[in-house]
Amino acid sequence: GAGVSQSPSNKVTEKGKDVELRCDPISGHTALYWYRQRLGQGLEFLIYFQGNSAPDKSGLPSDRFSAERTGESVSTLTIQRTQQEDSAVYLCASSLARGNYGYTFGSGTRLTVV
Amino acid sequence: AQRVTQPEKLLSVFKGAPVELKCNYSYSGSPELFWYVQYSRQRLQLLLRHISRESIKGFTADLNKGETSFHLKKPFAQEEDSAMYYCALSAISGNTPLVFGKGTRLSVIA
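The listed protein sequences derive, respectively, from chains Y and W.
Number 183 marks the last residue of the first sequence (my numbering); no jumps.
Number 758 marks the last residue of the second sequence (my numbering); no jumps.
Facing chain Y, from chain W, some residues (calculated, C-beta under 8 Å):
(1) F682
(2) R691
(3) L692
(4) Q693
(5) L694
(6) R697
(7) S741
(8) N743
(9) P745
(10) V747
(11) G749
(12) K750
Since the hints were derived computationally from the structure, they do not count as laboratory data.
Computed from a predicted model, the values in this text were never measured in an experiment.
We put the beta carbon where it would ideally sit given N, CA and C, even for glycine.
Using the sequences and the hints given, assemble the complete structure.
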């Protein structure tokens, strides 16, 4: 597609349930990033995939969070046993191999845990 | 550790007035600095990169390594400039994820 696509755009879930968020990057972009943005806060780095290298998971806040990427295509971010503090907008971005040319962001998934 | 500080949460200026959005960074290596912008109901998008030394929509930003700053400037603000602005930093290799500041909301008053 022409841009980074994220689904769903909105997700309301009950505390304790698992959720899966999807990101479809721009074709040819080998790097893919997940960020979280809580209300009134900046972007918090979660995880970074670059080609076939091991992902940089240093930003994942707990072991309830995990992400996968199939080759250089779709990525899914999974949050298990959701908590209210997980409520945020989850943003995905992709870039060429080296991110110096800038990232292209998706429109985000707004997650609300009730 | 990499850190980006945007000291102002909100900046209000009158149309036609000069704008300066402040950004300071902390990084021991060679940094690459960016400004991203998010207009109302739109996606976060790249505004400019320091390495390309470009002017986008009248905005410029100069990297000052001595002051570790990358302030965003525009001589005459327009109403359509109202948006959230984020300063971001990465290693010059581009192989590390961007670190973002908390953002500054610019409001241009007619």
